[in-house]
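Peer 1: Could you build all of it, start to finish, from the sequences and the hints given here?
2 protein chains.
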Amino acid sequence: MTNTDAPRKAKIRQILADTPQLLSRAADTSLVEQIVRSVESKIADRLLRTGARMPSIRQYAEQHQVSRFTVVDAYDRLVAKGFLESRRGSGFYVKEPAALITHHEQAPNEKWPPLMDVVWLVRNMFRQMPAQKSPGTGTLPTEWMDGDLISNALRGISRQNSSLLIGYGEAQGFLPLRQQLQLKLAELEIAVTPDQIVTTTGITHALNIVASHFVQPGEVIFVDDPSWFLMFGSFAAMGAKVIGIPRLADGPDITKLAELAALHKPKLYVLVSVLHNPTSTSMSAAKAFQILKLAEEHDFTIVEDDIYCDMHPGSAVQPATRLSTLDQLNRVIYLGGFSKTLSANLRVGFIATSRDMAQHLTDRKMLLTLTTSEIGERVVYKILSEGHYRKHTDRLRSKLAIGRDKTVRQLERVGIAVDMMTPAGMFLWVDTGCDTNVLAEKAMEQGFLLAPGSLFSPNQLPSSHMRINVAAMSDPGIWRFLENEVGNNN
Amino acid sequence: MTNTDAPRKAKIRQILADTPQLLSRAADTSLVEQIVRSVESKIADRLLRTGARMPSIRQYAEQHQVSRFTVVDAYDRLVAKGFLESRRGSGFYVKEPAALITHHEQAPNEKWPPLMDVVWLVRNMFRQMPAQKSPGTGTLPTEWMDGDLISNALRGISRQNSSLLIGYGEAQGFLPLRQQLQLKLAELEIAVTPDQIVTTTGITHALNIVASHFVQPGEVIFVDDPSWFLMFGSFAAMGAKVIGIPRLADGPDITKLAELAALHKPKLYVLVSVLHNPTSTSMSAAKAFQILKLAEEHDFTIVEDDIYCDMHPGSAVQPATRLSTLDQLNRVIYLGGFSKTLSANLRVGFIATSRDMAQHLTDRKMLLTLTTSEIGERVVYKILSEGHYRKHTDRLRSKLAIGRDKTVRQLERVGIAVDMMTPAGMFLWVDTGCDTNVLAEKAMEQGFLLAPGSLFSPNQLPSSHMRINVAAMSDPGIWRFLENEVGNNN
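Top line first, the protein sequences correspond to chains A and B. Take the first sequence: its letters are residues 1 to 490, numbered as in UniProt numbering. Take the second sequence: its letters are residues 1 to 490, numbered as in UniProt numbering.
Don't take each hint at face value.
One copy or any two copies: either way a pair holds, since identical chains are not told apart in the list.
[Unchecked claim] Straight-line alpha carbon distances no greater than 30 Å define the calculated DSS-like cross-link-like pairs of lysine-lysine that follow:
id, residue 1, residue 2
1, 81, 184
2, 256, 184
3, 442, 293
4, 241, 265
5, 184, 95
6, 265, 406
It should be emphasised that the hints constitute simulated quantities derived from the structure, not laboratory data.
Peer 2: This is the structure:
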C-alpha cells in the first residue's frame with residue numbers, strides 16, 4: 001500500500017473508526033485488550049487484509065481518544081500474536097497469516113491421507129467474532145446464553161472446601177455430575193448407571209478417545225455427508241480413512257450404507273440422530289432400526305453424537321429416535337455435551353457406553369489428557385441439579401423457533417431454497433445455486449463469515465449448499481448480500 | 001468368604017471401623033460421599049480385597065452412627081461405581097476390578113506394540129488416597145498445597161463480566177496467561193513471545209499434541225530410562241516405538257544415546273533436564289550440549305518436560321541447565337505446567353516452541369480437544385500475576401528440603417541405598433536389593449502404595465529400584481515395613 005492509495009486508506013480508517021463505540025473504560029477488559037480484540041476481529045473478518053498499513057500510533061490514539069501508550073501496548077501485543085508486523089520507520093502492517101496446517105511436514109509419508117483443509121474455517125469459527133457477522137458459525141450468540149448461571153456456579157464452588165480442587169479428581173469424571181447425567185439420559189429412555197459414563201473435554205475429546213480405542217491407521221470410519229467438519233481432520237490425523245454416507249432428510253441413505261459397509265468394513269460410524277449438523281434433520285425410527293441391523297451384520301460400532309439434544313422441541317414438533325434408546329448402549333456409544341447450550345468454554349462433554357467399555361475409554365482418556373478438570377464439571381452439575389438448565393434450554397428453544405421462522409421467511413423472499421426443510425434446530429441447509437466457496441470468499445470481503453458446503457463433506461468438493469445459523473441472521477447487510485449474490489441465480 | 005471365616009471378617013470390620021473419625025457432619029461432602037470415598041480408598045489400598053463381604057447395612061449404620069438410608073445410598077453408589085456387587089439375599093461384596101487395559105482388543109494387529117501395563121499404577125496413582133499411605137505417589141500432599149489461592153481466584157473470576165466464559169476462547173490459550181508465561185520463561189533465560197506459547201490440558205495433553213504432530217505409527221520416540229510411566233502408554237497407543245536411554249546422575253548415557261540414535265533414527269527424544277522423574281537428578285551443561293549436537297546430527301526433535309521447574313532450589317544448591325535455554329526453542333520444544341505445584345485439577349499446562357510450530361501445534365490441539373477451558377487458565381494467571389505463586393513455591397521448596405533431609409536420614413537408618421543422590425526435588429530413587437514388584441504387592445496388603453522401578457522403564461522389567469516421594473513418608477508404618485522387608489537384604 002502506497003501513500004497514493006488514498007481511497008483504500010480511507011476505508012481502513014473508516015473500518016477502524018467503528019471501534020470507538022466498543023472502547024469502554026467501564027468494561028471488564030482493559031482498553032489495550034479491547035483494541036487488540038477489535039483489530040483481531042477485523043482481520044479475522046478480512047475487513048483488514050494482509051499488507052494493509054495500520055493508522056499510526058498518534059492517529060489511532062487521537063481517533064479513539066486514548067493515550068498513545070495504550071495504542072503502543074495494543075500494537076505490540078498484536079505483533080506478538082502475529083497479526084501485525086512492524087516495519088522499521090514505516091509503521092505497522094497486517095501480517096500474512098501463518099500457512100494452513102499440513103500433515104506431518106517433518107515426515108511426508110504417502111501412506112496416510114493428508115489432514116483435510118478444514119483449518120481455514122476452524123480457525124475462523126473459533127475466533128471470537130460478533131454473531132451478527134457470522135451466519136456460518138456453529139454456536140448461538142453470546143447474548144442468548146446465560147453467563148450469570150456460570151458466574152453463580154463458580155462463586156458457589158469457590159465457597160466449597162478449598163482443598164477439593166487440588167488432586168487429580170476421579171478418572172471417570174466428577175461423580176455427582178455423572179449421577180445427574182444418569183437422570184438426563186433416563187429421560188431419553190437410555191438406562192445407564194454413573195459407572196457407564198466418562199466425562200471429557202467436550203465432544204472433540206470424546207471422539208478422539210473413542211476413535212483411538214477402536215481404529216488403527218488405515219482403517220475406515222464412516223461419517224454422514226454432510227456432517228461436522230472438525231472430526232474429518234481429527235480422524236485423518238490418526239491415520240483413519242474417512243468415508244461419507246449421503247444424508248437424506250430422514251437419516252442416511254441406507255442402500256448406500258449397506259453397499260459401502262460391505263466394501264469398506266468400517267470400524268465406526270459416527271452420526272447425529274437428532275438435529276443433525278448441518279441440516280437439523282432427525283432420524284426416522286425405521287432408519288435407526290435399519291442402521292442397527294447393518295451394524296450387527298457388518299460388525300461396526302456406532303457413535304451417536306447428541307450435542308444438539310436439548311435444542312430439540314419434543315416429538316410433537318419433530319419425531320426423534322436415538323439409536324442409543326433402541327440399542328441401550330450395546331453397539332452404540334452415546335456422546336453428549338454442553339458447549340452448544342451452556343458454554344463452549346467449560347469444555348464439558350461425556351461418553352455413555354457399556355460398563356466395560358467405560359473402563360477402557362477411561363484408561364484411554366488418561367493416556368490422552370489424564371483426568372478432566374472438575375471445575376467445569378462442578379459448574380455443569382450445579383446448573384443441572386438446581387433446575388436452571390431446563391429453564392434456560394426452554395428459553396433457547398423458544399428463541400430458536402422464532403429465529404427459524406423469520407429466517408425461513410426471509411430466505412423465501414430472497415429466493416433461496418432450503419434443502420431438507422425441518423421444523424426445529426439451529427441450522428438450515430440451503431441451496432444457493434452457486435459455488436459457496438466463491439460466495440464465502442465474497443462474503444468475507446464484506447465482513448461476513450459463511451460456512452460453505454464443501455467444508456461439511458469429507459471429500460471437500462465445491463458445493464452449492466451452505467449452512468445457515470438461524471440465530472445469526474439479524475444483520476440486514478447479510479440479507480442484502482444474499483439477495484444481490486444469490487437471488488439472481490435462483 | 002463364608003460365615004466361618006471369622007478372623008478375616010473381624011479384620012474387615014476393624015478396617016472399616018477406622019472410618020468413623022473420618023465421617024463428619026460438618027464436612028463439605030455429604031456423609032454418603034464420605035462413606036463412598038472411605039470404602040473406595042480401602043479397596044484401592046487393598047485393605048478390602050476382592051470377594052470380601054461388607055458389613056450389613058444395619059451393622060455399618062450402627063458402627064458409624066449414621067442412618068441406614070445413608071448406608072444404603074452409599075452402598076448403591078459403590079455398586080454403581082463398580083466397587084461392590086450386591087448378591088441377592090446375601091449382602092454386598094467387594095467386586096473384582098475391571099480387567100486392565102489391553103490395546104485394540106477389537107482389532108488385534110500384530111504390527112503395533114501393546115499398550116504397556118502401566119494401568120495398575122496409573123489407576124491407583126490417580127485415585128484419591130491419603131498421601132501418608134502413598135510413598136509411591138507423584139504428587140505433593142494436599143495439605144502442602146494452598147486451596148485458598150484457587151478459591152480466591154475462582155471468586156475473582158466469578159465477579160468478572162459473566163459473558164466472558166461463554167465462547168470457545170482463543171485457540172492458543174488465554175492471552176494474559178501466555179504473557180505471564182513469557183515472563184516466567186524469561187527468568188529461565190528462554191526468550192519467547194506469547195504467540196510461541198500454546199496452553200494445554202496438562203503435560204499429558206501437551207505430549208500427545210507434540211507426538212501426534214511429529215510421529216507416525218511405527219516410528220521411534222526416545223525416553224529416559226527410568227522416566228515417567230504414563231507417556232509410555234500414550235506413545236504406544238499412537239503406534240510409536242518407545243525406546244529408553246539409560247539415565248545417569250548427570251543426564252543420559254551419551255555413548256548409548258549416540259549408538260541408539262544412529263540405529264533407530266528417532267523422531268523425538270522426551271527428557272527432563274531439571275529434577276528428573278523419578279531420580280530428581282538434573283542435567284549437566286556438558287551433557288545438555290552433547291545432546292543438542294546429537295539431535296542436530298541425527299535430526300531429531302527434543303521435548304523438554306520441565307514440570308518440576310519450580311521445585312528447583314536454584315543453582316547454588318544444584319546446577320540446572322535447560323536445553324531450551326541453550327537452544328532457544330529451535331530444536332527443543334519446552335513443556336511446563338502447574339499440576340505438581342499448584343493443583344492437578346486445574347489441568348493447566350503449556351508448550352513453548354517456535355512461532356510456526358506453535359501454529360501447527362495449536363491446529364493439532366484443536367483437532368484433539370478444540371480449545372482448553374479458560375477457567376483454569378484464568379486461575380493460574382491470577383495466581384502468577386498477583387505474586388502468590390512465587391511465595392507459595394518458596395514455601396514448597398523449604399518443606400521439600402526438610403522432608404528430603406529427614407527421609408534420607410531415615411533411609412540410612414533402615415539401610416536402604418539412595419541411587420544417584422541429589423540435594424533437591426521431591427523424589428528419591430532407592431535401591432532396595434529386592435524385586436520391588438513383590439515389595440509393592442506386600443506393601444499394598446498393608447495399605448501402602450509403592451512405586452516399583454519396573455513401572456518407570458519402557459521395558460517394564462522387574463527392578464530392585466523404587467521411587468520414593470519425600471513428602472509422603474510421615475507414616476511410621478511405612479518405615480516399619482521398609483525396615484522389616486528391605487533392611488535385612490542390604
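Peer 1: Hint by hint, where does the structure go against what was stated? Just the numbers, ascending.
Peer 2: The structure conflicts with hints 2, 3 and 6, although it agrees with all the remaining ones.
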